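S.K.: If you're matching them up, the sequences are chains A and B in order. The opening position of the first sequence corresponds to residue 0 in numbering that gives the first Met the number 0, with each subsequent residue numbered one higher. The opening position of the second sequence corresponds to residue 0 in numbering that gives the first Met the number 0, with each subsequent residue numbered one higher.
To be clear, the hints were calculated from the coordinates, so they are not data collected in a lab. Since this is a predicted model, take the numbers as computed values, not measurements. Backbone N, C-alpha and C define an ideal beta-carbon position, used for all residues, glycine too. Just so you know, nobody snuck in bad clues.
Here are some, though not all, of the chain A residues that point toward chain B, as calculated from beta-carbon distances under 8 angstroms:
| # | residue |
| --- | --- |
| 1 | Arg3 |
| 2 | Glu5 |
| 3 | Leu6 |
| 4 | Lys7 |
| 5 | Lys20 |
| 6 | Leu27 |
| 7 | Val39 |
| 8 | Tyr42 |
| 9 | Tyr63 |
| 10 | Ala73 |
| 11 | Ser88 |
| 12 | Glu90 |
| 13 | Glu95 |
| 14 | Met98 |
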Amino acid sequence: MDGRFELKVSPEELSRLRREKNLLRERLNRIEKLEETLRVLRYRYLLERFTEIEARLREMEEHYKSIVEFEKMARKDKEWLMDVRKELSKENHELEERMKHENSH
Amino acid sequence: MKIVINSGKRLGWKINLEIPDEDFKRIERMAEKYGFRTEEAVKILITGDFIEDKEGITDGRLKELEVKMNELERKLYELEGKWSPLKFKTYYLAMDNRNICIQLAGMIAQNKRLREKLGLPPRDYTAIIEKIHYYLNFGDSNPEVYSEDRKPTQTPKASRAERSSSRRSV
Chain A
0 MDGRFELKVS PEELSRLRRE KNLLRERLNR IEKLEETLRV LRYRYLLERF
50 TEIEARLREM EEHYKSIVEF EKMARKDKEW LMDVRKELSK ENHELEERMK
100 HENSH
Chain B
0 MKIVINSGKR LGWKINLEIP DEDFKRIERM AEKYGFRTEE AVKILITGDF
50 IEDKEGITDG RLKELEVKMN ELERKLYELE GKWSPLKFKT YYLAMDNRNI
100 CIQLAGMIAQ NKRLREKLGL PPRDYTAIIE KIHYYLNFGD SNPEVYSEDR
150 KPTQTPKASR AERSSSRRSV
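Bound conformation, chain B alone (with noise of 0.2 angstroms):
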């Protein structure tokens, strides 16, 4: 086998070097065992950039390697598959909640003014509020979330920390 070695110019040098077919078939399917380009190995050959092996490397803890990686990467696709809907459902509960919450904040002021008129001591809110507050501010302040992006950002449970600091008026 021939190799001609070029930079790509037409007119520009050249190297030719013969090696036997036989020494040529191994690199190649040498390239092919560890995942590389025929061109990979062959410059690595010719450019004489070779690495020492100083952590006795074997085909045996490659493959070992390779399954234990394998058998991430399932996990991995596994999770993925399921946090995918599990990211939607409680996307549309949190917004079912949010729903409520603006029913919710419009009767509290109807009984408010409702007691008022009728001279009832004032109910207590608080719990309630707290949920308003809560749910109203979920889309504002959590929009990476629930985003298209599946690269997990803020977490739902940041948010709730967030509410306490983010207080508004019904």
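Okay, chain A solo, but in the shape it has when bound (with noise of 0.2 angstroms):
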């Protein structure tokens, strides 16, 4: 910083500036009113980002106990699947006995 400032804005804010000059001096002066500006728009942003991450949460956390339901659902599901193939599997192999002893006779 040299002493020197720049401040770019859009050709319609400046045209607006170059009409209001003579406020511009007071304005500078203003700065207990930039704070409280500067104060509001801080908490809006805060109070809305916390809107925003408390619905996430509550999304996340919906979605989250879904999850756990479904996995504890799959797991039993997976338990009692491999205990129907085992079964399945001895009553084919005992019926295809039977069908082959059924045949040689």
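From these two lone chains plus the hints, build me the complex, please.
M.R.: Written as structure tokens, this is what we have:
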């Protein structure tokens, strides 16, 4: 910073500022008002962000809960399906043996 | 400090303003404190686009909100950290079940055929077939649930409900 600060604005904003040129000097003294504005803007930003995160968290919690339930069900299903497979395999084997036996007679 | 306002055009109009260095430093500190760039703060000051505080917002209230927000963010990251491994674990579990179901479909067909040939009464496969329908439809009806995208979309619960409406013969 060499004692000069450059501020770029849009051409429309520049025209407006040129029209209001005699007010600018007075505005530069309203630093308290600027602080109030920045504080309000920061508060609005934080509130908006807070609401967003809160909604996202609620959504995630719901989704997480459903995955936990699903995992529980899938684990139980796996055990059951493996038992059924074992039992059906045994039965099919026995039936095949019976078929062979019947065919040989 | 000299403030030069321009619109970026080389030959365009410019406005030059003088502001005491002390005031400018104060603006810089203020902008940093509330998370703004100095340019943004200076622009508000010069354009006079001030906002009146009608809610009595204090730095204390800001701090309080920030603390609450950080706590919420921490919870969210924590949950996301737990959610990701569980999502993959569950996906592979469902895929295991799907593979067992494919084997079971073949075994049921074999069992039906053998029973018929031996003149035995047919067996009730309803419960198994229900699971087969569910797990064979799993990947097709829920591609979004386990996609790389972390956005929660369709839940496994919903796919379960779908199961009854999308019966498919084994």
